[in-house]
Structure formats: C-alpha cells, structure tokens
Amino acid sequence: MGHPGGKIQVDHVSKVYPGTRGAGQGQVTALAEVSFAVEEGIFASLIGPSGCGKTTLLFMIGGLTAASTGTISVDGVAITGPRPDKIAIVFQNPTLLPWRTVLDNITYGLELQRVAVSRRRRVAEEYLELVGLREFRRALPRELSGGMRQRVALARALALGAEILLLDEPFGSLDEQTRIMLGAELLRIWEATRKTILLVTHSLSEAVYLSDRIYVFSRRPGRLKAVVDSSIGRPRRLEVMTTEAFRTDTKRLWDSLAEEFQAQ
Amino acid sequence: MIASPRVSAPPRDLRAAWRVAVWLTAAAALVAAWEVWARMTPASEYILPAPSRVLPALIAVLGDRAFWGHFRVTMVEVALGVLIAFWAGLFVGLSVGTRAYLREVVDPILLGLFSAPKILFLPLFMLAFGIDVLQKTLFGAFHGFFVVAVNVIGGLAQVDRELVTASRSMGATRGQIWRHILVPSIIPLLLAGLRLAVGLTFLGVLVAELAVARAGLGFVLNRAADSGNVPRLFALILLIGATAVMVNGALSAYQQRLIRWHG
Amino acid sequence: MRLHPRWGRLLLLVATALLYEGLARLQIRPFFFPPLEKIATELWAGWQTGQLTRHLVTSGLEIGVSVLLAAAVGLPLGLIIGSSPTLVSLVEPVLLAVFSTPLIILYPLLVVRLGLGSTSKIIFGALYAFFPIILNAIAGMRAVDRDWLVASLSMGARPLDLVIKVRLPAALPAITAGLRLGLGLAVIGVLATEYLAGVRGVGYLLQETAARFNVAYLYALTVLVIALVVVLNTGATRLEARFSHWRSEL
Chain A
353 MGHPGGKIQV DHVSKVYPGT RGAGQGQVTA LAEVSFAVEE GIFASLIGPS
403 GCGKTTLLFM IGGLTAASTG TISVDGVAIT GPRPDKIAIV FQNPTLLPWR
453 TVLDNITYGL ELQRVAVSRR RRVAEEYLEL VGLREFRRAL PRELSGGMRQ
503 RVALARALAL GAEILLLDEP FGSLDEQTRI MLGAELLRIW EATRKTILLV
553 THSLSEAVYL SDRIYVFSRR PGRLKAVVDS SIGRPRRLEV MTTEAFRTDT
603 KRLWDSLAEE FQAQ
Chain B
8 MIASPRVSAP PRDLRAAWRV AVWLTAAAAL VAAWEVWARM TPASEYILPA
58 PSRVLPALIA VLGDRAFWGH FRVTMVEVAL GVLIAFWAGL FVGLSVGTRA
108 YLREVVDPIL LGLFSAPKIL FLPLFMLAFG IDVLQKTLFG AFHGFFVVAV
158 NVIGGLAQVD RELVTASRSM GATRGQIWRH ILVPSIIPLL LAGLRLAVGL
208 TFLGVLVAEL AVARAGLGFV LNRAADSGNV PRLFALILLI GATAVMVNGA
258 LSAYQQRLIR WHG
Chain C
302 MRLHPRWGRL LLLVATALLY EGLARLQIRP FFFPPLEKIA TELWAGWQTG
352 QLTRHLVTSG LEIGVSVLLA AAVGLPLGLI IGSSPTLVSL VEPVLLAVFS
402 TPLIILYPLL VVRLGLGSTS KIIFGALYAF FPIILNAIAG MRAVDRDWLV
452 ASLSMGARPL DLVIKVRLPA ALPAITAGLR LGLGLAVIGV LATEYLAGVR
502 GVGYLLQETA ARFNVAYLYA LTVLVIALVV VLNTGATRLE ARFSHWRSEL
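Residue numbers (my numbering), protein chains in the order written: chain A, 353 to 616; chain B, 8 to 270; chain C, 302 to 551.
No lab work stands behind these hints, which were simulated from the structure alone.
These figures come from a predicted structure and were not determined experimentally.
Quick reminder that beta carbons are idealized off the backbone N, C-alpha and C, glycines included.
Check the hints yourself; a few may be wrong.
Stated by the list, open to error - If the Cβ cut is set under 10 Å, some of the chain B residues that face chain C in the computed set are:
1) A33
2) L207
3) T250
4) G256
To be verified - Computed beta-carbon distance windows for the label pairs:
5) C/L473 - B/T172: 36 to 44 Å
6) A/H554 - C/V532: 52 to 60 Å
7) A/E487 - B/T172: 35 to 43 Å
8) C/V374 - B/R267: 34 to 42 Å
9) B/P191 - A/R486: 50 to 58 Å
10) C/T354 - B/D233: 31 to 39 Å
11) C/G418 - B/D233: 14 to 22 Å
12) C/A542 - B/I194: 28 to 36 Å
13) C/L473 - B/R264: 34 to 42 Å
14) B/W94 - A/D527: 47 to 55 Å
15) C/R548 - B/I194: 28 to 36 Å
16) B/R106 - A/R486: 44 to 52 Å
Bound conformation, chain A alone:
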C-alpha cells in the first residue's frame, strides 16, 4: 500500500504496552503492524473507533513515543525524538501556557528553538494574523474561548515553520459549529501553506470534508483497514457538504467503519 519515498514513511510499526506482571502477562497491543506512506503536501486523516491506536500512531510519528517494532521516517530520516524543525503538533487540549499572553504563547516554540527575539515576534505576528486573533495578542488563555485557544495552539504550531503538521482531534472538545468553522480555517491555512497534514479525528464528516486521503483503522488492536481517497475536488468551500460527492465519500467511509463501531 505504500508509495515509495513518501514524505512520511511508516514501516511495520506496532505498539505494544507491556503488562505489569512480567512479559506476556496483561500485554496490550494498541497498534498491530501498520505500514503506509504519506505524500508531501496532502491533507490526510486518521479515523477509527476509540482505542484503535491512531493517537498513539500520531505521537510515534511526532517522536513523542517509541514504536515497539518498525521504523518511521520523515524525508528518509528515521524519527527518534521530537523534530520541531520538521514536525509540529497540535494537541486535543490546547496546552497553552496559562501565564503567557497569546503572542508569547505563539513565540514559545520559537523560543525553545533559540530563534532571535526580533524574528520571533515577526513570525508570531504573522501567524497571529493568519488565525485571525490580532486584537487578542495581549489576552491570557483564560480570557479566550475554547475555539480561540485552539487557534492560538494552531498558530504556535505553524510558527515553528515545520513542513508537517500533526493534529490530534484538535476540535474534539468544541461545539459543532465551532468545529466546522475551524475546519474551514484549517483548510484555508493549508491551501496557503501547502503543508503535509495528518489529522486524527472521530468525525466522519470532518474527515471527508477536509481530507485528500483517509486512513481507516480497525478497533484494537489497531490495523490499517482501508484507505479512502477523496472524490471531492479542490478548493472546497463549506457548501461542499451538501454535494453528492460528499455523500458518496461519507458512505464509502461509513462502510469501512461500520463493522468496527458495531463490534464495540
């Protein structure tokens, strides 16, 4: 199923959590062997029932967790730890530092990268503008709504300038309308920056609306069950959700997923 020389190469990767009472006892296989390649510049989603290991996979690609078997490479180089120069992550919880203003939160990643102060601010202002929060530059996270916080988290990740963006159910805790709006924002940003995006989501409509390609995972132990390529053209506006193509894709996705959900 893999394309040779993909931007992100996942090779026979699995994740097994050891049991508490020695080898073999109480082991949990979160992810059974998975292999695929992600091309440069596409918007891909990972979808599947809870516990299927998609977040774990995302974290492994991001270098935050070690794989039990197999390798993950980005641009041909194996991932052994966080690579903020290549990969930026947006988490489900915005994880903004509550004592920093919005602007300082956006510069945080650059600070960690030891980027010069003047350049930091410039880059941060740019992305602050991009996510549409210019008037809130001095606000504290507690003064922002959930959606706004995620936008700051997004700006922070983008500011790192990495080519790959990983998102772990970033809109999970938001209401439906905000989800859709932020999804559209994300698309707009992607169209402007052409990064390689990997989004973990629970929502079928979100996956279909946003992605070029959807990786479907089975329930635990997670296996790559299917790959659904989008039949919807680009660029996409929100109205796309009412088109026939959207419905077809959603049905194809549902067909892949249905038995996983039913079996739960």
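Given the coordinates of chain A, assemble chains B and C onto it according to the supplied hints.
Below, chains B and C alone, put in the same frame as chain A:
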C-alpha cells in the same frame, strides 16, 4: 529507541514498605552521624547533646513520677481546652454560618484573629484568669476555637444551594434539611477542624505554660532549661514532639476511617 | 437591602468601642477597662518617646530576615524535591509530621545556645516560616500539568527549558502563597520568642507592659499589632494575587 524523555508513563511513588525502610535507615544513619559529631565536638553539650547522653536522660524522664504528674496536668488542660474550643467553635460557626449577612461581616474578623499572633492575648488572659489551670485551658481553647469556627462556617458555605431548594420543594422540613444535607456537609470539615484544633490547643497550652506556670510540660521544659540540663531538655522536647506527632497521626487515621464510612 | 458588609463590620467595631467606653465610664472593673482616652494617651506616649518605634523596627527586621532565611533554604529545597515524585513521597510526610508539632518547644534550646538577642528570634522565626514555604514549593512543582510538558517536548524543549519555562512559572502561585503563609508564621514565631525570652522587640514590650500591669498600654499595643498584621496580610495577599492572576477556573 527514542532518545528523548518518554512521555508515556510517569514514575511511580515508592510504596509504603519501601518508604518506611528508607526512613528507618535514614534515621539510624542520622543518629549515628550525630553521635560521632557530638563526641568530636565538646560544645555539643550545649546545643545538640549526643544521643548516648540524651537516651539516659530520656529514660530518667520516663521513670520520673513527677514528670508524669506534669504530663497529666497538661493533658487535662488540653483535653478541656479542646472540648471548650469544639463546642464554642461549633456554636459560633453555626450561628454565623447560617446567616449569610452575618457571615460576610464576621468572617474576615474571625480570619484576621485566626492568623493574628495569639501571644498578643496571653497577658490579657493572665490578667483575667490568673496563671493556673483555668487560664491555660482557656488560652489553649482560644487557639483551637478559631479553626473549628472557621471550618464550620466554610462547610456551611459550600453547601449546594440548589440541593436545599430542591429538598424544600419536595416538602422537607427544616430538621430534615439539617440532617440530610447540612450536617453531612459540615462533618468532614468539622473533623478536620477538630484535628487541627487539638494541635493548636496543645500549642496554646504549652505557650502559656512556657510563659508563666507552676505546673505542666511547659513548666518542666523551663526548669530543665534554667538548670542548664540540656540532655534532659532535649529528651523532653523529643518526648513532647513525639506525643504531638502520634496524637496527630492517630486523629488523622481516625478521620480517614470516618470519611470512608460516610463517603 | 442592608449595609454593605464592610460598613457592617465598621459598625460592629464602633459599637464594640462604644460599649467598651460605656463600661469604662460606669467604673465597672476600672482595672480591666481603662477609658479609651487613657489607652490613646499611653499609645501616644510610647510613640513620642520613640520606644514604640524602636521595638517595631527591631521586630520588623527580625521578621524580615527570618523570612528571607526560610525562603533561601526552603525554596530551592522545595523546588528540587518537588521535581521528583520519589523524593516527594519520602520527604513530604516527614515535613508534615514535624510541622504538626508545637515548634515552640524548641525555643528553650535555641535560647540556651544563641542567647536572648535577635539571633535566636531570627532562627526561630525562620524555622516557623520554613515549613509552609517548602511544602508549598513542593506542591507547586507537582501541580504542573503534564500536557504542558508534552507540548513543550514536541517543540524541542530541553530539560532546563522545562524547568525554567514551564515548571517554575506554573509553581509561582503556590510559591507566593507559601511565602505569604511563611510571613504570617514568622510574625507569630518571632513575637512569641520575643515575649518568652527576649530583651527587645514588640513581643518583649508586650511582656514588659504586662509585667508592669499597664493595662491601657497593653490594650493599645494589642490593637496596634493586630492592625499591623492585618495590613501586612492584606498587602501580601494582594501581591500574591498578582502572581496568580492567570489562573482560571478550569
């Protein structure tokens, strides 16, 4: 395989048995080092006498009937003080805590007195009540009172108003509301306050005895200090400290058990 | 509907003062209830002669130094211990146990070695203040949200970055709370030691005034010290709020 620090599982706390083992080992090492240091330092007589000198002093104290007489005096003062502190604190706490306006007015005053250095009031207590058991008991109670009162008020303040309203709408009488909602709400904080009150009352009684007294543990401490008998002084300090820790520990454990019962 | 609580409190205090004055005027137990006027006069006299100021300054300095000392020892230790769950589980219970004892019993020992001067007061005040400072520093370090650490790591944070940019700022509210509590306890410790075995300071002044049965001055001092402590506490609380303003209800 991953070089960066793992983010999957946080390190676990040492389990209880291991901890006790470490503590005992550390304590033994500490005592040994202390003994060695004390033997090498002649001046240690005066500040940190060697364990080998404190131990016989400790044994002497434990065997001294007069000491136990003083111990009893202090314990009686503390016990009575706690009783007074508890009931007075409960009374004031309930009176103030159930009246929202009164609470808003009085709470900062109570809090202010609570955090004020109580030693300020010792002369007043002595002038009013003398220097014997009555004064010690009342001064001790004075220390414990505030914790109980503040805790009762706090417990009442955090009662869910909606719960009370809902109960009233279902025809609950005042007595029932008290029994089923207010009392269970107060009890955990009241118990916590009682536990703290015991410690604070003990402190208050000791302070009063250390200032001016003719009997009690404070008096015994002063006498040992005046006579320059530092090993005995040290032994007394250890003894009183150990008593405090044990009483606090016992109350803590009891409180935990009660909480588990009532949930 | 009624007076704002703040005015209610003022009214209460004024009523108490009037009641007191009433008792004094009626010559009920004149020893215990000297008239307010006398109290004020005594206070003024103490201020005039500079005696009051001298003792206030002494106590103030002793308290200040003891808090600094306690912080200098307690903060670093607390931060180090707080960053290791193993150390926390070993050390925190011991600290809590020692803190639950009436530390005042140590003062004779200190006085025997360090004398009646300011040193013993400072050491004792520092001892009292040490515990809330270190315990709060430990708690502050533990209160760090793991998510912040994970996000920081994903952006290339090094271990030192995590401490300086995440753990310390996160611990700051608890640390300042600990300092405020430590200040309160230092006041209590220093005043108590001055009273019990001192030759200078507000505590000593109190003891001396009581010994001379100068009830009016005694009342004056008591009220004055309480007022000062309230002001100190309010100031400390405001300062502390500045460091915790970013906290939300989350």
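To test your reading of the hints: which numbers does this structure violate?
none
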